[in-house]
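Use the sequences and the hints to build the structure in full.
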Amino acid sequence: MKIKRNQLYTVVALCVIVLLIVLADHVFDSFILRVFNLCAIYIILALSLNLLNGFTGLFSLGHAGFMAVGAYVSALLTMSPQLKEMNYFLTPIVPVLKNVTLPFFPALLIAGLVSALVGLLIGAPILRLKDDYLAIATLGFSEIIRVLITNAQPITNGAQGLKGLPRFSTTYTVWAVAGAMVLFMVLLMRSSYGRTMKAVRDDDLAAEAMGINVFKVKVTAFTASSFWAGVGGALLGHMITTIDPKMFTFSLTFNIVLIVVLGGTGSITGSVLAAILVTVLMEALRFLDEPMNFLFIHTAGTPGLRMVVFSILLMLVVIFRQKGIMGGKEFSWDSVAAFRARHARRARSGARDDAGDGGNSGNSKVGGNANGEGGPHA
Amino acid sequence: MPETMLSTQGLTMRFGGLTAVSDFNIAIGKNEIVGLIGPNGAGKTTAFNVVTGMYRPSSGKVFYRGADITGCKPHVITEKGIARTFQNIRLFRNLTVLENVLVGCTLSISSGFFSSLLHLPVYRKKEAAAHEFALALLDKVGLADAAGKEATSLPYGQQRRLEIVRALATHPALLLLDEPAAGMNPQESLELMSFIHTLRDEFDLTILLIEHHMQVVMGVCDHLYVLDYGITIAHGDPASIQKDPKVIEAYLGVDDAGNK
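Sequences listed follow chains F and E, in order.
The numbering used here numbers the first residue of the first sequence as 1 and each following residue consecutively.
The numbering used here numbers the first residue of the second sequence as 1 and each following residue consecutively.
It should be emphasised that the hints constitute simulated quantities derived from the structure, not laboratory data.
Any given hint could be a false lead.
Here are the computed lysine-lysine pairs in the BS3-like style, where the Cα-Cα straight-line distance is at most 27 Å [what the hints assert, rightly or not]:
#: 1; chain 1: E; residue 1: Lys140; chain 2: E; residue 2: Lys125
#: 2; chain 1: E; residue 1: Lys149; chain 2: E; residue 2: Lys125
#: 3; chain 1: F; residue 1: Lys216; chain 2: E; residue 2: Lys125
#: 4; chain 1: E; residue 1: Lys149; chain 2: E; residue 2: Lys126
#: 5; chain 1: E; residue 1: Lys30; chain 2: E; residue 2: Lys149
#: 6; chain 1: F; residue 1: Lys216; chain 2: E; residue 2: Lys80
#: 7; chain 1: E; residue 1: Lys61; chain 2: E; residue 2: Lys80
#: 8; chain 1: E; residue 1: Lys80; chain 2: E; residue 2: Lys126
#: 9; chain 1: E; residue 1: Lys73; chain 2: E; residue 2: Lys61
#: 10; chain 1: F; residue 1: Lys246; chain 2: F; residue 2: Lys98
#: 11; chain 1: E; residue 1: Lys126; chain 2: E; residue 2: Lys140
#: 12; chain 1: E; residue 1: Lys73; chain 2: F; residue 2: Lys130
#: 13; chain 1: F; residue 1: Lys216; chain 2: E; residue 2: Lys126
#: 14; chain 1: F; residue 1: Lys4; chain 2: E; residue 2: Lys149
#: 15; chain 1: F; residue 1: Lys4; chain 2: F; residue 2: Lys130
#: 16; chain 1: E; residue 1: Lys73; chain 2: E; residue 2: Lys30
#: 17; chain 1: E; residue 1: Lys80; chain 2: E; residue 2: Lys149
#: 18; chain 1: F; residue 1: Lys216; chain 2: E; residue 2: Lys30
Footprint (simulated), chain E over chain F, 3 or more residues, beta carbon under 8 Å [what the hints assert, rightly or not]:
#: 19; segment: 177-189
#: 20; segment: 212-226
The beta carbon of each residue, even a glycine, is placed where N, CA and C say it ideally should be.
Here it is in structure tokens:
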């Protein structure tokens with residue numbers, strides 16, 4: 001009975017999401033539509049980073065690099081020869097790429113595969129490192145990729161970037177890919193390979209003693225993560241329709257790390273919720289960057305002030321809820337019910353003491369797993 | 001003479017100027033239970049780490065069933081049939097009890113990334129078999145009821161047992177136990193030793209175990225090797241070890257004085 005009700009909830013929720021995607025093009029104005037689609041892209045990026053940081057325990061800060069590879073490969077494969085000629089006015093493009101024009105989906109796949117190959121080549125030497133050393137090495141490689149792109153003018157058009165990319169990232173496309181990504185993660189984490197990754201994360205020495213080729217598992221995770229980062233980067237490029245090397249700096253990686261940490265490392269639903277939350281806030285808080293004139297507060301407008309909000313948010317999470325919104329667990333209807341029951345009980349006892357502690361109306365999603373919160377001293 | 005499962009020749013491990021294990025020679029016959037004892041810091045765990053491939057020895061060789069396995073990677077050594085447990089429990093702490101054992105079954109599932117990602121029939125079959133096997137193992141050691149619990153939520157003694165079960169899931173022929181009785185009271189230690197005895201018979205195992213409380217190993221081991229400062233100071237059957245003046249001086253003497 002209970003299982004059936006939960007299934008019903010899930011079906012209803014899925015229907016609502018699908019309906020939202022179908023209606024999005026007709027209901028939303030172009031700005032909201034863009035934020036809506038950006039959510040999907042950030043879901044892909046956050047999950048691909050969570051695959052490394054949360055599920056395999058490899059702290060990587062190189063995501064922007066792989067996104068850049070994906071974005072450039074896809075752009076170069078889909079732009080028409082005329083468009084390329086217009087872009088490459090300083091240095092002509094290498095002849096091999098001049099007349100290549102592929103449809104979007106093969107190009108997207110190739111973008112992911114090239115990015116995965118780069119991930120494989122980078123991962124093989126640096127995955128012998130651990131923890132902070134690995135983070136620094138991935139950060140370094142990401143910068144190397146960016147510098148290479150800036151300087152390989154005949155291929156990438158250098159610092160001028162590429163303009164006028166075909167607008168392929170439609171609502172359906174980005175959400176379909178995001179759906180595929182979620183499915184990929186759910187299937188992977190329910191399989192023995194996902195279990196192996198989690199074992200490597202929890203204790204790689206013990207995993208090795210179980211006969212697991214730890215290095216191979218790490219390289220596989222890194223390659224898979226690079227693939228999806230490349231796909232996400234390509235989608236981002238075809239949404240903004242302009243790409244240049246400055247887009248793929250560390251601050252882009254930081255945004256994705258922020259989502260993963262906020263949502264909870266090792267939680268698929270956590271990443272999805274946090275991706276939506278951060279993307280929406282990123283736009284909603286834009287007013288902070290503009291000049292303000294509120295009662296007695298006057299500011300001249302500081303670009304980047306909204307990032308301070310995210311920094312504070314990150315600090316609060318690190319201090320009060322180390323495991324993020326979902327605390328490494330997955331969202332389930334039962335946990336929502338448990339959360340509501342607990343709060344109802346507390347409210348009732350509160351009313352009896354006349355204390356009326358209130359504040360229980362908060363979003364049930366956020367606290368949905370509070371009962372399963374593990375020790376923060378992990 | 002039964003088959004020699006594990007033997008070492010002049011195994012030496014140096015860390016900079018410190019020689020942790022020096023000229024270590026051991027030979028373990030099939031189905032024997034052999035104890036490696038010695039005071040703290042004697043080099044017992046280092047010897048284990050060299051045998052299981054965690055360290056590459058400075059010199060000397062390790063043979064498993066006659067084949068040279070010196071310098072093999074740890075996972076390759078596990079594949080060959082040597083499993084181990086750790087002195088300080090190393091369970092996969094965010095996984096359930098059952099999942100911990102299933103990770104031990106990874107070798108028998110051995111599915112590639114894509115076949116397990118897509119849940120292909122080949123993979124499903126192996127995974128189902130592994131589930132059944134893992135549950136049967138847990139049932140045998142009385143942990144079946146805890147299968148769904150988080151591994152680290154178990155009481156200490158059960159965590160130790162779970163580590164042994166997880167090692168058994170790799171289908172070993174030789175089991176290396178690093179201080180399985182650490183942190184247990186004498187009664188629990190004795191129970192554990194009889195548990196180890198039954199394991200040997202039931203799974204046709206050969207067992208090498210580290211222990212520093214000599215009384216605990218007396219009843220269960222066929223042979224003992226005594227290490228002190230990396231040097232093998234004695235080996236033989238428990239009764240003769242107990243009388244060995246060198247052992248008493250290095251080890252039992254202090255222990256007895258402390259106890260009495």
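Hint check results:
{"no.": "1", "hint": "Lys140(E) to Lys125(E)", "verdict": "holds (23 Å)"}
{"no.": "2", "hint": "Lys149(E) to Lys125(E)", "verdict": "holds (25 Å)"}
{"no.": "3", "hint": "Lys216(F) to Lys125(E)", "verdict": "holds (24 Å)"}
{"no.": "4", "hint": "Lys149(E) to Lys126(E)", "verdict": "holds (23 Å)"}
{"no.": "5", "hint": "Lys30(E) to Lys149(E)", "verdict": "violated (36 Å)"}
{"no.": "6", "hint": "Lys216(F) to Lys80(E)", "verdict": "holds (18 Å)"}
{"no.": "7", "hint": "Lys61(E) to Lys80(E)", "verdict": "holds (16 Å)"}
{"no.": "8", "hint": "Lys80(E) to Lys126(E)", "verdict": "holds (20 Å)"}
{"no.": "9", "hint": "Lys73(E) to Lys61(E)", "verdict": "holds (14 Å)"}
{"no.": "10", "hint": "Lys246(F) to Lys98(F)", "verdict": "holds (24 Å)"}
{"no.": "11", "hint": "Lys126(E) to Lys140(E)", "verdict": "holds (21 Å)"}
{"no.": "12", "hint": "Lys73(E) to Lys130(F)", "verdict": "holds (18 Å)"}
{"no.": "13", "hint": "Lys216(F) to Lys126(E)", "verdict": "holds (21 Å)"}
{"no.": "14", "hint": "Lys4(F) to Lys149(E)", "verdict": "holds (24 Å)"}
{"no.": "15", "hint": "Lys4(F) to Lys130(F)", "verdict": "violated (45 Å)"}
{"no.": "16", "hint": "Lys73(E) to Lys30(E)", "verdict": "holds (23 Å)"}
{"no.": "17", "hint": "Lys80(E) to Lys149(E)", "verdict": "violated (31 Å)"}
{"no.": "18", "hint": "Lys216(F) to Lys30(E)", "verdict": "violated (33 Å)"}
{"no.": "19", "hint": "177-189", "verdict": "holds (count 3)"}
{"no.": "20", "hint": "212-226", "verdict": "holds (count 5)"}
Against the hints set out earlier in the document, violations occur for numbers 5, 15, 17 and 18.
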